[in-house]
Structure formats: C-alpha cells, structure tokens
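Chemist: Protein sequences, first through last, are from chains A and B. For this note's numbering, count along the first sequence from 1 and bump the result up by 274. For this note's numbering, count along the second sequence from 1 and bump the result up by 45.
Because the hints were derived from the structure by calculation, they are not lab data. Fair warning: there could be bad hints in the mix.
Claimed, not checked - Below, computed lysine to aspartate or glutamate pairings styled on EDC-like, alpha-carbon distance capped at 16 Å:
#: 1; chain 1: B; residue 1: Lys86; chain 2: A; residue 2: Glu315
#: 2; chain 1: B; residue 1: Lys59; chain 2: B; residue 2: Glu104
#: 3; chain 1: A; residue 1: Lys333; chain 2: A; residue 2: Asp357
#: 4; chain 1: B; residue 1: Lys86; chain 2: A; residue 2: Glu312
#: 5; chain 1: B; residue 1: Lys59; chain 2: B; residue 2: Glu132
#: 6; chain 1: A; residue 1: Lys372; chain 2: B; residue 2: Glu104
#: 7; chain 1: A; residue 1: Lys330; chain 2: A; residue 2: Glu315
Here the structure is a predicted model, which means the values were calculated and not measured.
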Amino acid sequence: TQLLEQSPQFLSIQEGENLTVYCNSSSVFSSLQWYRQEPGEGPVLLVTVVTGGEVKKLKRLTFQFGDARKDSSLHITAAQPGDTGLYLCAGPFAGYQKVTFGTGTKLQVIP
Amino acid sequence: GAVVSQHPSWVICKSGTSVKIECRSLDFQATTMFWYRQFPKQSLMLMATSNEGSKATYEQGVEKDKFLINHASLTLSTLTVTSAHPEDSSFYICSATLGSREETQYFGPGTRLLVL
Numbered sequence: 275t276q277l278l279e280q281s282p283q284f285l286s287i288q289e290g291e292n293l294t295v296y297c298n299s300s301s302v303f304s305s306l307q308w309y310r311q312e313p314g315e316g317p318v319l320l321v322t323v324v325t326g327g328e329v330k331k332l333k334r335l336t337f338q339f340g341d342a343r344k345d346s347s348l349h350i351t352a353a354q355p356g357d358t359g360l361y362l363c364a365g366p367f368a369g370y371q372k373v374t375f376g377t378g379t380k381l382q383v384i385p
Numbered sequence: 046g047a048v049v050s051q052h053p054s055w056v057i058c059k060s061g062t063s064v065k066i067e068c069r070s071l072d073f074q075a076t077t078m079f080w081y082r083q084f085p086k087q088s089l090m091l092m093a094t095s096n097e098g099s100k101a102t103y104e105q106g107v108e109k110d111k112f113l114i115n116h117a118s119l120t121l122s123t124l125t126v127t128s129a130h131p132e133d134s135s136f137y138i139c140s141a142t143l144g145s146r147e148e149t150q151y152f153g154p155g156t157r158l159l160v161l
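The following block holds chain A by itself, in its conformation from the complex (with noise of 0.2 Å):
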C-alpha cells in the first residue's frame, strides 16, 4: 500500500505568522497536487507540480516538489484567517493512474 504522509496533521496559529505543510512519500509521483478544502466544500485545487525540484509561487503560497518526486511542500507567509481549512496533497504514483490523497493538514489561522 502506497502511503502519503501530510504533517502536522493540525495546526493553529496566530494571523500574521509563517507555517510549512509537509507532504512525503517512500514512492515517486508522476504530478503532485495541493488542494484547500473548507467545511462542506469540495477540494479546490491551489497547483500542480510536475517536475523534481519545481518550486512554484501563488501569491503567499510557494509550493516545491522535491528532487526526487517524493516529497513536496507548502509554505504559507504571513497567514491570514482566509488560508484556514483543510489543505490535502494528492497525486498518482508513477506507473499508476489512481491519485492517491495525504492524510491532511487542519490548518486554523486565528486573527
């Protein structure tokens, strides 16, 4: 079975501060994907990453996928009480077609 280990799996912070989400795997990815889901809504997707070491900016967001495709990482500046909800990496492993979805970081930005 193919893991994708998100950590932390929570996280509350203070408006203001800068946080990292961490998503790792013992396998290679063919694409890696960052969603924000919030409370009864369906994921919306933040970016794809596809190359080993991209490092990809969205305004406070800067995501990198890691040299080798099995790590990747989420990097928010300055949190604000919008960026709370709950932030899942997903992606197909290479050789397979099914995407396979993290466990999940429940981030709270208290203002």
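Given chain A's structure and the hints, the job is docking chain B onto it.
Modeler: Relative to the frame of chain A, chain B by itself:
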C-alpha cells in the same frame, strides 16, 4: 473553466431508501469521473472510478451493488446509494479530469448525506 457541480448539495433520507447524487462537468467533457467519500476531519477516500460508456471500477471494500455508478454521458455521472443505512451517512464528493491522461482533478462541492 473546469467547473464541476453536484446535486443535491445535501439530503436527508430514511433508512432503507435509495438516494441518487448527480455529478456534472459544466464547461468540459469528462471522460473520467471519480467518486469519493469523506468522513469528518478525514481525508478523501476513493470509492470508484467512473468511465463514460463503461462499468465503473470500484476500490477494494466498496460494494458495487450498494453504490451504483452510471456514467451516462461525457458530462454526467451518478452515484446511487441503495437501501441506505445510517452508516452510509457521509460527505460524498465527485471529481473529473479534463482528459484521460490528465492527472489534475476538479472537484464538485460535495453532497452531505444523512440517513436517519
């Protein structure tokens, strides 16, 4: 672009009844759609992969006779929970990809099912 809708957004039903959930791709054709189930504070669990014009592929442990999936067209897939029981209460989410080789999934808003 890549908008996926679900209907209904939430439903309450009595135990023993069947419930149909629709998933539509509004501005693109989806060869493949996926159905997920999500319990509170947990990640998404893939239930089945739905391909237009063919039978769905179910994940291990998912009863195909209980969760009927029909992908009738390139823009519509339906999930029917048959003879629903309280333990079927959950958040059901569908997603679609833009093409057969596309890996990014676009998600619907989800359907909250409560079985009394």
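Chemist: Confirm or reject each hint.
Modeler: Hints versus structure:
1. For the proposed pair Lys86(B) and Glu315(A), the alpha carbon gap of about 13 Å is at most 16 Å, so the pair holds.
2. This hinted pair does not check out: Lys59(B) and Glu104(B) have alpha carbons roughly 26 Å apart, beyond 16 Å.
3. Under the criterion of a C-alpha separation no larger than 16 Å, the hint pairing Lys333(A) with Asp357(A) is consistent with the structure, at around 12 Å.
4. The suggested pairing of Lys86(B) with Glu312(A) holds, with an alpha-carbon distance near 11 Å, which does not exceed 16 Å.
5. Under the criterion of a C-alpha separation no larger than 16 Å, the hint pairing Lys59(B) with Glu132(B) is consistent with the structure, at around 12 Å.
6. Among the hinted pairs, Lys372(A) with Glu104(B) is consistent with the structure: their alpha-carbon atoms are about 10 Å apart, no more than 16 Å.
7. Simply put, Lys330(A) and Glu315(A) have alpha-carbon atoms about 25 Å apart, too far for the 16 Å limit, and the pair is violated.
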